[in-house]
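For the protein sequence lines, the chains are A and B, in the order given.
The letter at position 272 of the first sequence is residue 272 when you use full-length UniProt numbering, and the numbering goes up by one with no holes.
The letter at position 180 of the second sequence is residue 180 when you use full-length UniProt numbering, and the numbering goes up by one with no holes.
Hints in this document: simulated from the structure, not taken from any laboratory.
Beta carbons are placed, not taken as given, at the ideal position from N, Cα and C, and that holds for glycine.
Don't take every hint at face value.
Here's a subset of chain A near chain B, in silico, CB distances under 10 Å, partners left out [as the list claims (entries may be wrong)]:
| id | residue |
| --- | --- |
| 1 | Ala46 |
| 2 | Gly47 |
| 3 | Leu48 |
| 4 | Asp83 |
| 5 | Phe87 |
| 6 | His89 |
| 7 | Thr150 |
| 8 | Pro152 |
| 9 | Leu156 |
Letter by letter, the chains look like this.
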Amino acid sequence: MTLNAELRVTRGTFSLDLDVTIAPGEIVALLGPNGAGKSTALRALAGLLPLNSGHITVGESTWDGTDAFVPAEKRPIGVVFQDYLLFAHMSALENVAFGLRARGTRRAEARAEAARWLDRVGLNGYAQAKPRSLSGGQAQRVALARALATGPSLLLLDEPLAALDASTRLQVRSELGRHLADFGGHTLLVTHDPLDAMVLADRLVILEGGRAVQSGPPAEVARQPRTDYVANLVGLNFYRGKASGTDVDLDGGGRLTIPRPVNGPAHVVFPPNAVSLHAAKPEGSPRNVWPVTVAAIEQHAHTTRVRLDGAPNVLADITTATLADLRLRPGDELWAAVKATETHVYPA
Amino acid sequence: MTRNRVRGRLPVVLVLPAVLGLAFLLVPLAGLLVKTPWTSLSTLLSAEVGEALRLSLICASLATVLCLFLGIPLAWLLARSGLPGRGFLRALVTVPLVLPPVVGGVALLLVLGRRGLIGEHLDAWFGISLPFTTAGVVVAEAFVAMPFLVISVEGALRAADPRYEEAAATLGASKWLTFRRVTLPSVLPGVVAGAVLCWARALGEFGATITFAGNFPGETTTMPLAVYLALETDPDAAIVLSIVLLLVSVGVLAGLRDRWISGPT
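The whole structure should be built from the sequences, with the hints applied where relevant.
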């Protein structure tokens with residue numbers, strides 16, 4: 001019962017062209033910047049937006065295709081919306097029971113089942129609470145219970161943690177992970193937060209401008225980004241170039257020495273903390289050394305991130321001690337150095 | 001005191017017309033209260049007054065029910081259906097708002113009158129004749145009052161977030177179930193406000209009623225008609241009738257205001 005979808009939707013100047021396959025029990029995260037088409041993909045899978053072409057099939061049944069369209073209310077789906085969209089005039093229990101009632105379950109039975117679901121998400125004391133009186137984390141759990149109560153075969157999560165503050169988020173994320181692990185159907189998680197995607201998903205699909213630019217297990221995507229967007233998400237310096245031997249000529253200018261010989265188009269990545277900064281050109285040891293200018297300095301929790309212009313541009317994380325030593329200001333001229341062994345190279 | 005000083009002086013150009021406007025609205029009502037023969041009030045509250053009041057309340061309520069049945073679906077159609085020419089339809093719906101009620105009454109006579117376009121067939125096939133009956137009063141009042149309901153409900157529907165309806169759809173709810181259980185409860189304040197306006201308009205309706213339903217005591221003589229008639233023969237009775245009408249409408253509005261139609265405070 002694998003879900004197979006070729007989502008082709010055109011809206012004005014935007015077009016979505018995305019192939020998605022989700023195995024039963026698999027959690028796929030659709031990760032991308034705003035306007036990449038994540039919500040469009042979710043709406044198409046939910047049946048809220050018909051495809052222009054392509055198809056959606058689950059096992060033998062076709063949800064959308066050239067001669068069939070199953071509307072949202074006929075699809076076995078559950079959706080957790082970004083701001084939950086709990087019905088304000090109904091209690092938490094009635095919200096969870098709504099889907100069961102709509103699908104023909106008797107009232108008493110639906111309410112009992114809804115109560116069991118509230119219990120499962122840890123809200124057994126809140127059955128009669130109105131959504132307005134729930135905290136963000138509680139509302140999120142009601143929304144999850146509502147989506148799962150009907151026993152859907154496809155669960156769609158639209159930025160399920162985006163509306164939560166940082167402290168609740170951590171807890172709700174791990175709870176969500178547990179519920180998703182228990183859920184045997186197909187799960188698609190739409191998010192722009194790489195951490196949500198990395199923690200919760202079995203596989204990532206990176207969407208940019210309506211196209212999938214990369215997909216794979218979270219660890220692989222994090223280690224070998226294929227676009228600037230992904231590299232930025234996972235916090236790596238990322239360069240495209242042409243390798244010959246242990247040298248890579250970068251597309252944006254500059255050259256890097258790599259630890260082992262490679263030939264042809266390649267990507268080079270290294271973390272910002274692999275970059276060291278020096279006031280004078282460092283001598284000796286086989287290093288990549290090039291002159292740079294300080295463009296910006298950002299203070300993070302325990303480190304300082306320095307944006308440097310040069311050939312190539314680079315991000316460097318330095319300690320507060322180094323910052324004090326160098327007395328950095330935007331416009332300062334420095335030398336950046338990266339050991340060849342700190343770089344990671346893979347074919348483009 | 002400090003707060004007043006911080007706020008500064010209110011500009012006279014605005015305050016003066018505002019006070020005049022307030023006086024313009026309230027002085028006639030105060031005059032009515034002053035002129036009321038309070039001592040002989042009980043003798044003037046005759047059986048006819050009671051009958052007219054009862055008829056008015058019943059007809060206005062029936063007209064409101066009729067408007068709810070027809071007006072809410074119409075408002076939904078205008079707000080949600082994506083029907084072509086909705087803007088034009090919306091303009092048409094509001095015509096009875098600006099139409100002189102007497103003209104509305106004439107139009108109703110031409111269509112539903114015994115020799116009217118539809119009335120002719122109603123009479124021939126079903127033996128139903130609306131003009132000059134209590135049912136005619138309800139029809140005339142509903143005709144004039146329905147736009148108030150439609151506009152109010154449509155506004156509420158357009159302000160309501162349609163994504164809740166999508167959420168209901170993903171939970172397996174049909175369009176009709178979604179409308180009943182999700183959309184309608186979320187626009188309930190708008191419906192109630194519209195119904196109150198509609199009811200108040202129907203209660204005060206005069207022109208269309210007297211044109212279409214005539215003036216038959218006990219059958220079509222509602223309070224506004226009774227007031228107008230009494231003014232010619234017995235001014236004191238007209239004042240009493242007016243007071244009763246005023247108290248009833250203010251009472252209903254005040255009773256509903258706090259719960260339903262409180263604006264932004």
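Now the hints, each set against the structure:
1. Ala46: Cβ of Ala46(A) sits 5 Å from chain B, so the hint holds.
2. Gly47: Given a least distance of 8 Å, the restraint on Gly47(A) holds.
3. Leu48: Check passed: Cβ of Leu48(A) comes within 5 Å of chain B, closer than 10 Å.
4. Asp83: Holds: closest Cβ of chain B sits about 9 Å from Asp83(A), inside 10 Å.
5. Phe87: It holds, given that the least Cβ distance between Phe87(A) and chain B is near 6 Å, below 10 Å.
6. His89: Constraint on His89(A) satisfied, holds at 4 Å.
7. Thr150: 6 Å, holds
8. Pro152: 9 Å, holds
9. Leu156: 8 Å, holds
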